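Asks: Letter by letter, the chains look like this.
Protein chains: 2
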Amino acid sequence: MNQIESLEKLINYFSNLPSVGAKTAQRYAYFILNQPSSFVKGFADALVEANTNIHYCKVCGNFTDKEVCDLCSKRSSKTICVVKEPKDVLAIEKVKEFEGQYHVLHGTLSPLDNRGPDDIRIKELLQRVQQGGVEEVIMATNPDVEGEATAMYIGKLLKPFGIKVTRLSQGVSMGSDIEYADEVTLARALEDRKEI
Amino acid sequence: MNQIESLEKLINYFSNLPSVGAKTAQRYAYFILNQPSSFVKGFADALVEANTNIHYCKVCGNFTDKEVCDLCSKRSSKTICVVKEPKDVLAIEKVKEFEGQYHVLHGTLSPLDNRGPDDIRIKELLQRVQQGGVEEVIMATNPDVEGEATAMYIGKLLKPFGIKVTRLSQGVSMGSDIEYADEVTLARALEDRKEI
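Residue numbers (the working numbering), protein chains in the order written: chain A, 6 to 201; chain B, 6 to 201.
To be clear, the hints were calculated from the coordinates, so they are not data collected in a lab.
Please note that the accuracy of each hint is not assured.
To be verified - Dumping the calculated BS3-like pairs for lysine-lysine here, alpha-carbon to alpha-carbon at most 25 angstroms:
#  : chain 1 : residue 1 : chain 2 : residue 2
1  : B       : Lys169    : A       : Lys28
2  : B       : Lys79     : B       : Lys92
3  : B       : Lys169    : B       : Lys83
4  : B       : Lys83     : A       : Lys99
5  : B       : Lys83     : B       : Lys71
6  : A       : Lys128    : A       : Lys89
7  : B       : Lys99     : B       : Lys89
8  : A       : Lys63     : A       : Lys79
9  : A       : Lys28     : B       : Lys28
10 : A       : Lys14     : B       : Lys14
11 : A       : Lys46     : B       : Lys71
12 : B       : Lys169    : B       : Lys79
13 : B       : Lys63     : A       : Lys14
14 : B       : Lys63     : B       : Lys89
15 : A       : Lys79     : B       : Lys14
16 : B       : Lys89     : A       : Lys71
17 : A       : Lys63     : B       : Lys14
18 : B       : Lys63     : B       : Lys92
19 : A       : Lys46     : B       : Lys46
20 : B       : Lys14     : A       : Lys92
21 : B       : Lys46     : A       : Lys92
22 : A       : Lys14     : B       : Lys83
23 : A       : Lys89     : A       : Lys161
Unchecked claim - For each label pair, taking beta carbons as the anchor points, the in silico distance ranges come out as:
#  : chain 1 : residue 1 : chain 2 : residue 2 : range
24 : B       : His111    : A       : Ser181    : 43 to 53 angstroms
25 : B       : Ser20     : A       : Gly176    : 41 to 51 angstroms
26 : A       : Val73     : B       : Phe36     : 57 to 67 angstroms
Bear in mind that the values here come from a model prediction, so they are computed numbers and not experimental data.
All residues carry an ideal CB built from backbone N, CA and C; glycine is no exception.
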């Protein structure tokens, strides 16, 4: 193929993005070629700027461009919601129900991937609880094997502090069809049934 | 939502890419936040570099970083393959069957979108043919309404030059199932049937 070097390079960069294959990367690159240079310059600056300015919040570990993020500096630390990744914070914020602080673990325990307690931000969570003022920790890790294991593990570590540790409830999704619910979910929904 | 300005900006840029929605753009942006700055710097440079260095080839209209692209400068102009977009050149090059030059129209005739003969590179094609040496023009626009109409239109314009004008054959795809072929394709395949 008679490709142009700088085009090849750009396609390569695009194909590094999550779940972008060769065809999609090529499509993105061709799109860029057709854009005015002001747009492309702005895009390039935004990339570098975001990567330079944004780092982990000293307290919760979420992304921020300040030392302590807005959520940590403005909200009460009585309730801390523990999540796996920054995007989980966005998902929970969208619901507009939770008004406490977050704690981002940046991963879950995963013996298969060689990820132990020291590789995720558990120590930092314990320090926050140790400082006092925390009344409840909500474990909002994913309802999968690793998320469950991580929630259980952290739950045990928090026990000595005598605070409330909760877990997101599990059951059938709202608006879904019982017929298509998987067995594990349905079993859990039955087990955790509530009186109405 | 408590978003960070520079993150917001990056997500916005990503969501300009073709068929990238808010969720995907967010995913790309978070990916960038987690990359080493050397990678992000390289990505940004590649964007600007490609956009600056690459332009249309003076002869065929394909993307190139030279004045005349490699395909035009190295190959015989006896046969010219006319395509809609630069990515069609890549597709045909992959087959390794065609050894002539290309002509990229950058669009097809589309009265509905207000795109007439002067909006795509038809004039440039006629100039190339006028210069002489061209023996065949292969119309390789897409087998859809606009592609067909464009091929017919250009075919008529080329008639006075007395050169061969051909069109990609149409019929059932290799490896496909007759049962699932659409009616138009099947009708065309029957009509254009070949003796074996």
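Asks: Next, verify each hint and record whether it holds.
Replies: Structure-based check of each hint:
Proposed proximity of Lys169 (chain B) and Lys28 (chain A) is contradicted: the alpha carbons are some 33 angstroms apart, above 25 angstroms. Restraint check for Lys79 (chain B) and Lys92 (chain B): the C-alpha separation of about 20 angstroms stays at or below 25 angstroms, so the hint holds. Straight-line distance between C-alpha atoms of Lys169 (chain B) and Lys83 (chain B) comes to about 11 angstroms, which keeps the hinted pair within the 25 angstroms bound. Between Lys83 (chain B) and Lys99 (chain A) the CA atoms are separated by roughly 61 angstroms; this puts the pair beyond 25 angstroms, and the hint is violated.
Between Lys83 (chain B) and Lys71 (chain B) the CA atoms are separated by roughly 22 angstroms; this keeps the pair inside 25 angstroms, and the hint holds. For the hint linking Lys128 (chain A) to Lys89 (chain A), the alpha-carbon distance of about 14 angstroms falls within 25 angstroms, and the restraint holds. With a CA separation close to 16 angstroms, the supplied pair Lys99 (chain B) and Lys89 (chain B) stays within the 25 angstroms bound. Restraint check for Lys63 (chain A) and Lys79 (chain A): the C-alpha separation of about 14 angstroms stays at or below 25 angstroms, so the hint holds.
This hinted pair checks out: Lys28 (chain A) and Lys28 (chain B) have alpha carbons roughly 20 angstroms apart, not beyond 25 angstroms. Between Lys14 (chain A) and Lys14 (chain B), the direct Cα distance comes to roughly 24 angstroms. Compliance with the 25 angstroms bound is thereby established for this hinted pair. For the given pair, Lys46 (chain A) sits about 22 angstroms from Lys71 (chain B) by alpha-carbon distance, which is consistent with the 25 angstroms threshold. Distance restraint check for Lys169 (chain B) and Lys79 (chain B): the Cα-Cα separation of roughly 22 angstroms lies within the 25 angstroms cut-off, and the hinted pair is therefore satisfied.
Our distance criterion of 25 angstroms between C-alpha atoms is met by Lys63 (chain B) and Lys14 (chain A), whose separation comes to about 23 angstroms. With a C-alpha separation of about 16 angstroms, the suggested pair Lys63 (chain B) and Lys89 (chain B) falls inside the 25 angstroms cut-off, and the hint holds. Only pairs whose Cα atoms come within 25 angstroms are accepted, and Lys79 (chain A) paired with Lys14 (chain B) is accepted, the gap being roughly 23 angstroms. Between Lys89 (chain B) and Lys71 (chain A), the direct Cα distance comes to roughly 49 angstroms. Violation of the 25 angstroms bound is thereby established for this hinted pair.
The hinted pair formed by Lys63 (chain A) and Lys14 (chain B) meets the criterion: a straight-line CA distance of about 23 angstroms does not exceed 25 angstroms. Of the supplied pair hints, the one linking Lys63 (chain B) and Lys92 (chain B) holds, its CA atoms being roughly 17 angstroms apart against a limit of 25 angstroms. For the hint linking Lys46 (chain A) to Lys46 (chain B), the alpha-carbon distance of about 12 angstroms falls within 25 angstroms, and the restraint holds. The hinted pair formed by Lys14 (chain B) and Lys92 (chain A) meets the criterion: a straight-line CA distance of about 16 angstroms does not exceed 25 angstroms.
In summary, the hint linking Lys46 (chain B) to Lys92 (chain A) is supported, as the alpha carbons are separated by about 24 angstroms, within the 25 angstroms threshold. Of the pairs offered as hints, the one joining Lys14 (chain A) and Lys83 (chain B) is violated, with about 32 angstroms between alpha carbons and a cut-off of 25 angstroms exceeded. Restraint check for Lys89 (chain A) and Lys161 (chain A): the C-alpha separation of about 18 angstroms stays at or below 25 angstroms, so the hint holds. Hint check: His111 (chain B) to Ser181 (chain A), Cβ distance near 47 angstroms, so the stated range 43 to 53 angstroms holds.
With their beta carbons about 33 angstroms apart, Ser20 (chain B) and Gly176 (chain A) fall outside the hinted range of 41 to 51 angstroms. A beta carbon spacing of about 24 angstroms between Val73 (chain A) and Phe36 (chain B) contradicts the range 57 to 67 angstroms that was offered as a hint.
Checked against the numbered hints given earlier, this structure breaks hints 1, 4, 16, 22, 25 and 26; the rest are met.
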